[in-house]
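These protein sequences, in sequence, are chains A and B.
With this note's numbering as the guide, the letters of the first sequence map in order to residues 10 to 308.
With this note's numbering as the guide, the letters of the second sequence map in order to residues 8 to 268.
Hints in this document: simulated from the structure, not taken from any laboratory.
Here a beta-carbon is modelled for each residue, glycine too, at the ideal position from N, C-alpha and C.
A portion of the hints provided could be inaccurate.
Stated by the list, open to error - Result set (DSS-like, lysine-lysine): computed pairs, CA atoms no more than 30 Å apart in a straight line:
1) Lys280(A) <-> Lys100(B)
2) Lys90(B) <-> Lys100(B)
3) Lys217(B) <-> Lys71(A)
4) Lys128(A) <-> Lys217(B)
5) Lys157(A) <-> Lys178(B)
6) Lys84(A) <-> Lys90(B)
7) Lys143(A) <-> Lys174(A)
8) Lys90(B) <-> Lys157(A)
9) Lys194(A) <-> Lys217(B)
10) Lys245(A) <-> Lys194(B)
11) Lys279(A) <-> Lys90(B)
12) Lys157(A) <-> Lys259(A)
13) Lys217(B) <-> Lys259(A)
14) Lys40(A) <-> Lys23(A)
Said to hold, decoys possible - A short list of chain A residues far from chain B (calculated; beta carbon distances all over 10 Å):
15) Ala37
16) Arg56
17) Glu74
18) Lys194
19) Asn226
20) Glu230
21) Asp238
22) Arg241
23) Val266
24) His272
Stated by the list, open to error - Distance ranges between label pairs, derived from CB positions:
25) Gln219(A) <-> Leu204(B): 38 to 44 Å
26) Thr41(A) <-> Leu196(B): 52 to 58 Å
27) Ile275(A) <-> Met200(B): 16 to 22 Å
28) Glu234(B) <-> Asp146(A): 53 to 59 Å
29) Glu139(A) <-> Lys178(B): 53 to 59 Å
30) Leu225(B) <-> Lys136(A): 44 to 50 Å
31) Gln219(A) <-> Asp199(B): 31 to 37 Å
32) Asn226(A) <-> Thr72(B): 53 to 59 Å
33) Asp146(A) <-> Asp199(B): 21 to 27 Å
34) Asp215(B) <-> Glu139(A): 39 to 45 Å
35) Ile145(B) <-> Ser264(A): 47 to 53 Å
36) Asn226(A) <-> Ala197(B): 48 to 54 Å
37) Glu166(B) <-> Gln219(A): 50 to 56 Å
38) Ala197(B) <-> Asp104(A): 57 to 63 Å
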Amino acid sequence: MASSSSDPEKLMAKADKLTKLSFTRWNADWKTATSLYEQAAIAYRFRKDNEKAKDAFEKASKGQEMISSPWDAAKHMESAGALAKELGLWNEVSDFYRRASEFYRECGRSQPASDALAKGASALEDKAPEEAIKLYDEACALLEDDGKEQMAFDLYRSAASLYVKLEKYSDAAGFFLRLGSAADKCNAINSQCKGYLSAIIIYLYAHDFQQAQKCYNDCSEVQAFLNSDQNRCAMKLLSAYEEGDAEEVKRAAQSNVINHLDHVVIRLAKKLPTGDLQAIKKDLAADDDRDSLDENDLT
Amino acid sequence: MSMIDVLIRVDAICQKYDRYDTDKHRNDAADPFSRLYADMDAAIDEAIEKSERAASEKNRAAAVTLNAGVRRAKARLMEDLVKLQKLAVKKVKGLSRDEMALRPDLVAALHHRIQSIPDGGSGGAEDQNAGGNARPGIKFDSSAETLDEGYFQTSEESEQFRREYEMRRIKQDEGLDFISEGLDTLKNLAEDMSEELDRQVPLMDEIDRKVDKASSELRKTNVRLKETVNEFRSTRNFTVDIILICIILGIGAYLYNVLNQ
Chain A
10 MASSSSDPEK LMAKADKLTK LSFTRWNADW KTATSLYEQA AIAYRFRKDN EKAKDAFEKA
70 SKGQEMISSP WDAAKHMESA GALAKELGLW NEVSDFYRRA SEFYRECGRS QPASDALAKG
130 ASALEDKAPE EAIKLYDEAC ALLEDDGKEQ MAFDLYRSAA SLYVKLEKYS DAAGFFLRLG
190 SAADKCNAIN SQCKGYLSAI IIYLYAHDFQ QAQKCYNDCS EVQAFLNSDQ NRCAMKLLSA
250 YEEGDAEEVK RAAQSNVINH LDHVVIRLAK KLPTGDLQAI KKDLAADDDR DSLDENDLT
Chain B
8 MSMIDVLIRV DAICQKYDRY DTDKHRNDAA DPFSRLYADM DAAIDEAIEK SERAASEKNR
68 AAAVTLNAGV RRAKARLMED LVKLQKLAVK KVKGLSRDEM ALRPDLVAAL HHRIQSIPDG
128 GSGGAEDQNA GGNARPGIKF DSSAETLDEG YFQTSEESEQ FRREYEMRRI KQDEGLDFIS
188 EGLDTLKNLA EDMSEELDRQ VPLMDEIDRK VDKASSELRK TNVRLKETVN EFRSTRNFTV
248 DIILICIILG IGAYLYNVLN Q
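Here chain A stands alone, though its shape is the one from the complex (with noise of 0.2 Å):
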């Protein structure tokens, strides 16, 4: 036994023969051959061989999965897609988290199964980006759909700084959005407020005051974020831009309140105000004056 326990490839030979189907076998024991396996993925990762590893771990999860326990299979699938990551081999990796989140599913658990497509998205935020979207959105819809938002806090908070990271503001504002309305419905005022309040600056630092300003709109609508701290700074800061006054938007962004933000805005807000005033300005003026001319025009 000594000897088996300690050579893998025997092991991983064995267990290979147990599951091939043939004339002398009608039936695979997956049973003994998933063990085998198991043993043999273990002593791979001891000997640090990630690639033999990684499919050992693969082949343990389909027994496991065979054996009807897919709580096990899903653990196996996430040793697996930690590996890969080891590897580099990033279509895998998103692969096998995904199938690791959806036994964790069948397993009727929620948490695991959004915390495995977190763990996936973390691991290929820096290699490809957009499949690490596609993760956290996932994870984020399967923590909404089982009422479970807040847990979702954090997975919010990394897509929408992995969104600024990639420069796409607007999905990032909508991720705090998102962010917002899941701590309305679990009466965290505090979070909504401040992801309101991120929300507001990713626009403003975008240079697209209309869509700050109407975001401003709609969240004061919410009775708490217009009795918050952070509704005062976000006043502040678009009255500032109103006025066009450049060193009034940097005294305004330089409040406490944006200090206990994400790192991520409180970069963006350091960097305020971008481009030009003027013609946030302007543009002001110019609706303005159709409006006032609407309402002299009495014919």
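Chain A is fixed; fit chain B onto it per the hints.
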């Protein structure tokens, strides 16, 4: 020590312990005028001492307080003076005619003494108004002569005072800003902590439920095991015990080998 020193010291000591002098007081007890006169005398001396202290006081705020105290004392003394005047004209038993004639003079002298106590205010103007009202210190109408050029002039001292005040105010504002920043951070931390705790409440409930289930199952298993062991033990007494002991020793030996490898 010279004679004069001795005399001065004796005077001071007598003054200090005057109230224990029952003879003097017995005499005074008879005559309300002399009593009041003695009281006013003492009050005037106290006021003069206070005003001298105020004059030598470096701290402006303390000087102002002392001067205000002196002015209050003067006002009270002026009231008492009116009473004294009334008492002065009353006929008292056992007092000679000369003394009676002397009393109004005494009152006038006292009046002058009171007025001359320096209180840091405009002494000259007070003398003018002293004759009219009982409380010369309080003036509501500032006459034209007081609103002359020098009145609104900021002196060196008041400028310094104002500057010091501004500096202190600025420092206080800085301190308060710092405190408010710290409080903001604390508030944010506290709110995050509260949200985190809210998040963990259902998890704790879940853990509680699972642990309850596990512990009840464990108890059931234990009971069954106990029953089995009892049953087993009761039928065969010693053999089973010996067998179990050998098994435990075997396990112990195996572990020992494994650990020593």
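So, going through the hints one by one against the coordinates:
no.: 1; hint: Lys280(A) <-> Lys100(B); result: violated (98 Å)
no.: 2; hint: Lys90(B) <-> Lys100(B); result: holds (19 Å)
no.: 3; hint: Lys217(B) <-> Lys71(A); result: holds (28 Å)
no.: 4; hint: Lys128(A) <-> Lys217(B); result: holds (26 Å)
no.: 5; hint: Lys157(A) <-> Lys178(B); result: violated (49 Å)
no.: 6; hint: Lys84(A) <-> Lys90(B); result: violated (104 Å)
no.: 7; hint: Lys143(A) <-> Lys174(A); result: holds (15 Å)
no.: 8; hint: Lys90(B) <-> Lys157(A); result: violated (88 Å)
no.: 9; hint: Lys194(A) <-> Lys217(B); result: holds (27 Å)
no.: 10; hint: Lys245(A) <-> Lys194(B); result: holds (21 Å)
no.: 11; hint: Lys279(A) <-> Lys90(B); result: violated (77 Å)
no.: 12; hint: Lys157(A) <-> Lys259(A); result: violated (38 Å)
no.: 13; hint: Lys217(B) <-> Lys259(A); result: violated (53 Å)
no.: 14; hint: Lys40(A) <-> Lys23(A); result: holds (13 Å)
no.: 15; hint: Ala37; result: holds (33 Å)
no.: 16; hint: Arg56; result: holds (20 Å)
no.: 17; hint: Glu74; result: holds (25 Å)
no.: 18; hint: Lys194; result: holds (12 Å)
no.: 19; hint: Asn226; result: holds (25 Å)
no.: 20; hint: Glu230; result: holds (22 Å)
no.: 21; hint: Asp238; result: violated (8 Å)
no.: 22; hint: Arg241; result: holds (12 Å)
no.: 23; hint: Val266; result: violated (7 Å)
no.: 24; hint: His272; result: holds (14 Å)
no.: 25; hint: Gln219(A) <-> Leu204(B): 38 to 44 Å; result: holds (39 Å)
no.: 26; hint: Thr41(A) <-> Leu196(B): 52 to 58 Å; result: holds (54 Å)
no.: 27; hint: Ile275(A) <-> Met200(B): 16 to 22 Å; result: holds (20 Å)
no.: 28; hint: Glu234(B) <-> Asp146(A): 53 to 59 Å; result: holds (55 Å)
no.: 29; hint: Glu139(A) <-> Lys178(B): 53 to 59 Å; result: holds (55 Å)
no.: 30; hint: Leu225(B) <-> Lys136(A): 44 to 50 Å; result: holds (47 Å)
no.: 31; hint: Gln219(A) <-> Asp199(B): 31 to 37 Å; result: holds (32 Å)
no.: 32; hint: Asn226(A) <-> Thr72(B): 53 to 59 Å; result: holds (58 Å)
no.: 33; hint: Asp146(A) <-> Asp199(B): 21 to 27 Å; result: holds (25 Å)
no.: 34; hint: Asp215(B) <-> Glu139(A): 39 to 45 Å; result: holds (42 Å)
no.: 35; hint: Ile145(B) <-> Ser264(A): 47 to 53 Å; result: holds (51 Å)
no.: 36; hint: Asn226(A) <-> Ala197(B): 48 to 54 Å; result: violated (30 Å)
no.: 37; hint: Glu166(B) <-> Gln219(A): 50 to 56 Å; result: holds (54 Å)
no.: 38; hint: Ala197(B) <-> Asp104(A): 57 to 63 Å; result: violated (43 Å)
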